[in-house]
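Join the two chains into one complex using the hints; note that each chain is given alone, in its own frame.
In order, the protein sequences belong to chains A and B.
All residue numbers in the first sequence are consecutive under numbering that gives the first Met the number 0, ending with 201.
All residue numbers in the second sequence are consecutive under numbering that gives the first Met the number 0, ending with 370.
Be aware that one or more of the hints could be misleading.
For lysine to aspartate or glutamate, the following DMTMM-like pairs were computed, each having C-alpha atoms within a straight-line distance of at most 25 Å [as the list claims (entries may be wrong)]: (1) B:K368 - B:D50; (2) B:K57 - B:D248; (3) B:K63 - A:D102; (4) B:K368 - B:D49; (5) B:K57 - B:D40; (6) B:K368 - A:E63; (7) B:K57 - B:D95; (8) B:K162 - B:D103; (9) B:K310 - B:D282; (10) B:K368 - A:D54; (11) B:K368 - A:D102; (12) B:K368 - B:D39; (13) B:K368 - A:D64; (14) B:K84 - B:D353; (15) B:K63 - A:E63; (16) B:K368 - A:D53; (17) B:K2 - A:D31; (18) B:K368 - A:E183.
These are calculated hints, taken from the structure and not from any lab test.
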Amino acid sequence: MEYSLLMLKRILTICLLLAVALSTLSAVSYYDAGSQRFKLAAGLLIPVSMTHFDDNVTRFGFGEDNTNLNVGGGGSICYQMFCTPRVAIGGEVGYTFNYIIDDTLMSNVPLLFKATWFPVTGDIDIPISLGAGLTYLSAAEGGSLFTFMASMEVGVDYYFNPHWGVGLNAGFYVIPELYPTNWEKNGLGTFAPVTFSITYRQ
Amino acid sequence: MKKAFGYILTALLLSTLLFTGCNYDDEGVFQYVLSSEPRDDRALNILGYDDSDISAVKIYFKSKYGLEMFQDRTYTTLDGTKAAKSATLYSLIDTDYIVYLTQDTDNGTLQTPINGVYVYSFADLATEQAATVTYDGSADGSFDGNPNFIIGKYIYCLSGKDKITPYLISVSGSAGSYTVEFTAQSAITVTDYNFYDVDGNVFTFADSDSNKMYVAVDPDTGAENGLMTTAGNNLPNDDDVTVISGFTDSSNGTQYVILQNDDDVEIYSSSDGATFTRIHRRDITASNHLYTYFDDTYIYYNIPGYAAMYKVNVTDSSRSSEDFSRLRNLDIAGYFAQGNSSTAPDYLVIATRDNGFYILEAGGLSSLKRY
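Okay, chain B solo, but in the shape it has when bound (with noise of 0.2 Å):
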């Protein structure tokens, strides 16, 4: 019985130190079961964020609370009304306003007209709707079609299939007596399209019938001459592109554009804004979103439902790319540099739409924490 026992023991110990061996993930299962928090679900959307102190990143975002501001560890809720809670499209304007508007939602699209359009003021505090709407000067005017998207300080409104009018948003006025002026830009006409990804300042879509790719660049930071770029023979037509997103370098104007395919993910580079190289690839299987980053060097994206984060250093001829985190499942609204010095940025601050924010040390795996 004894040679028995020992046996087993023996069997036991050399079993557990193969097994153990074999726990190369070290990270700790009691270690974050001790340091994790509470769930928190915001139903978070990001409105923008500004980064002019990098060591001090304010992040603007819409949740259940209302408009809210992210800012070292602290939620401040800057409009907790009923009007904030509901609003359906909301617009950051060079962090001096917030316009949002709210919409009916009988029938429960966003392809309704608007009910309400208000203010926030950052010199005021406060929110007021708008006491004057006027649309191309006109407070008799309404949008060419039905406001969809926001993207930076322009609203896109939809007319049928095939028409897209965007409007510049400006505020003027103070406290009492706000006025918020749409004026109507150059219209995108195409024959038939679906919508995508936005990101920054550069907003993205197929064509579905003719499968050309198109982007179209904030007029403050991209494309001359009005909002959309074709993109050209260089990009990939090909019909099973799922997500695009894009980003431009503000500081020489190169657009960078990021697909992703049934299989893979692709990254395409213009200086000109109309024909593109392909400069990255990586096979990747997933129908999940894309998210993408970019910190004026390093692109970054993941997928949900992939442990790995990936950068790519754009500025390297190589451009290629590397595990940068694991993230699991998070459900990702956007990424933000963030630094200890006023330039350098040392973490990635990650907002989640339903957990909160996390950081994310630059410097490798495994750090990721909740911020």
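This is chain A alone, in the form it adopts within the complex (with noise of 0.2 Å):
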């Protein structure tokens, strides 16, 4: 498992080379401030790791003796508006779940602060953004909480007209679980979202 995640460390920073590379034959952004995107997206949650502080216990990958999640999936719903020709802040609201192998189900609502850089724009763009906030993290058996969240997400999107696109993205959410009053329980969740998005900008 340490292994996958070498990879896709290696993913992101090829795709964040890339991106450095291709932002220097794009010199003029597509947008200006105060254009606007809203981007639907859906796909795979892939558990990358998980920890339990007091045990020590961290594990890697999906399944029974790792991090005990299959592969689960989700959406979310993202408004933003560019603040600079190459910035733009928003909001993301979503829904994850995946299965525990006990067949019971673990979901996830995040509500995120969304800061996105896009090096290429045009026909084709290529978001990089960065999260922030709050999520509702539950299991059937295992409680609920509200806790931190951040993101990190890399994607490619095509557009077909001047307003419309679809993508696909890859990213990393960082989810600790927090107890102020009970630290023996406080965790840190990882994950890796793999989602294609349509997009409408203008």
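Pasting the structure below:
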């Protein structure tokens, strides 16, 4: 599983370098300050790691004896407005789920503030996003809580007309599980979403 | 811009503190996920248990794997034959034998004639079909009606809608030549009936026409002269009772009857088996099945779909209930007391129909674990 984490890092690094390289080719952004985009995304959610600090246990990957989570899915709605020609800020609301190996459901409802940098714009956009906010995390038998969540995401959007585009996105979620009065329950989960998206821009 | 981000960050931190402050459950989602185990769906039905040594309770049950025993986190298949897997009626006889019956299933109900009687011998650790089956001493006899359910060592046969005949099951002989004897007991006559629940030595049912409650007690531990005691006027004649179960305190013979109505759970007690007094009531609106257990001090109950499990100290004059644990969505087949020492119950072992066994520390909340 360390191997898959390494691969994920490499892919993200390559995407980032590619985006920086491409940004030099498109010196003029397609967007202006005040432009808007609205994105619907849906796809898979791959459990990457799960940590329980008190037991000093960290496990990687999906399935039994790993994170004990199966590959799940989810979707999100994101609205952003450009504050500069290459940076958009806004919010994202989503829902993700993974089945635990005991056939019960773990679900997650993130509410994120999201900032996106567009090194490449035009018929093809490459959005690179960072998100932070709160999420409502729950498991059928394991309780529920509000906690922090951070995300990063890289995507490629192809616009088949001036307003509508489809895209492929990969990302990384970090969810610390915080109990101020019960530290031995605290944990950390990371997930990798891979989604298809439809984006409307104007 | 910096100022705006500062405000956003501050708002985020404050709201997170506010929300995480509400995390009173303290259950640990990720801890739960990491400790979870694959579902253990055995389609389990309890036959009985042996708690003569409370530190090593043996729980006998029928599952999709046949007849099994669970003890100290270990499953043992006693009888995995096709007949055992398809058995519809089974009885644990004093932990010496398990007698089980197979029935024709052409009409899909239990009220069909039996087509096989099998004996599992704990001494021989083997199963065979009974060489001889007698009904009231006659090998040519038959049940009066069709066998419908077993409680303890009694099999109950239904004739029409107004007659129930219990038969005592006994086994004699040895390996290779077992004889199973069904001895008829006094028949029970009612005008109409609905069967509800079975718990330990007591079985209960309600006469739906007259709205009277009946409590039938195993002759080994309960009422004199027969199997049935009419509950009397002190049990409510409500027609909204959906579940009824009961226990007998083996130390003093006190009988407890637990009723679940549309809007509450009520516990009644009787020292003579005839006059019942309500000792406990809790408002609960639920249509799901009530599960109960008695450990000679506490009556435990919970209703699937409700988070809390309750226990009532029947030896205490207040008989108030207290929250005991959160059981959530377990499909419970039975509770069993277990202890570290040979006498004191420190745990409840909870058998579920579809997900193995759990253990609950008698101490309190949030301690439910897979066993």
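Going through the hints against the structure:
Pair hint K368 (chain B) plus D50 (chain B) holds up; C-alpha atoms about 21 Å apart against a cutoff of 25 Å. This hinted pair checks out: K57 (chain B) and D248 (chain B) have alpha carbons roughly 21 Å apart, not beyond 25 Å. A C-alpha spacing of about 19 Å is found between K63 (chain B) and D102 (chain A), which places the hinted pair at or below 25 Å, so the restraint holds. Of the pairs offered as hints, the one joining K368 (chain B) and D49 (chain B) holds, with about 22 Å between alpha carbons and a cut-off of 25 Å not exceeded.
At roughly 19 Å between alpha-carbon atoms, K57 (chain B) and D40 (chain B) fall within 25 Å of each other, so this suggested pair holds. In summary, the hint linking K368 (chain B) to E63 (chain A) is supported, as the alpha carbons are separated by about 18 Å, within the 25 Å threshold. For the hint linking K57 (chain B) to D95 (chain B), the alpha-carbon distance of about 13 Å falls within 25 Å, and the restraint holds. Proximity of K162 (chain B) to D103 (chain B) is assessed by CA-CA distance (about 22 Å); at most 25 Å being required, the pair is judged to hold.
Our distance criterion of 25 Å between C-alpha atoms is met by K310 (chain B) and D282 (chain B), whose separation comes to about 14 Å. The suggested pairing of K368 (chain B) with D54 (chain A) holds, with an alpha-carbon distance near 16 Å, which does not exceed 25 Å. Under the criterion of a C-alpha separation no larger than 25 Å, the hint pairing K368 (chain B) with D102 (chain A) is consistent with the structure, at around 16 Å. In summary, the hint linking K368 (chain B) to D39 (chain B) is supported, as the alpha carbons are separated by about 14 Å, within the 25 Å threshold.
Simply put, K368 (chain B) and D64 (chain A) have alpha-carbon atoms about 18 Å apart, close enough for the 25 Å limit, and the pair holds. About 16 Å separates the Cα atoms of K84 (chain B) and D353 (chain B), which keeps this hinted pair within 25 Å; it holds. Simply put, K63 (chain B) and E63 (chain A) have alpha-carbon atoms about 24 Å apart, close enough for the 25 Å limit, and the pair holds. For the proposed pair K368 (chain B) and D53 (chain A), the alpha carbon gap of about 18 Å is at most 25 Å, so the pair holds.
Of the pairs offered as hints, the one joining K2 (chain B) and D31 (chain A) holds, with about 23 Å between alpha carbons and a cut-off of 25 Å not exceeded. For the given pair, K368 (chain B) sits about 17 Å from E183 (chain A) by alpha-carbon distance, which is consistent with the 25 Å threshold.
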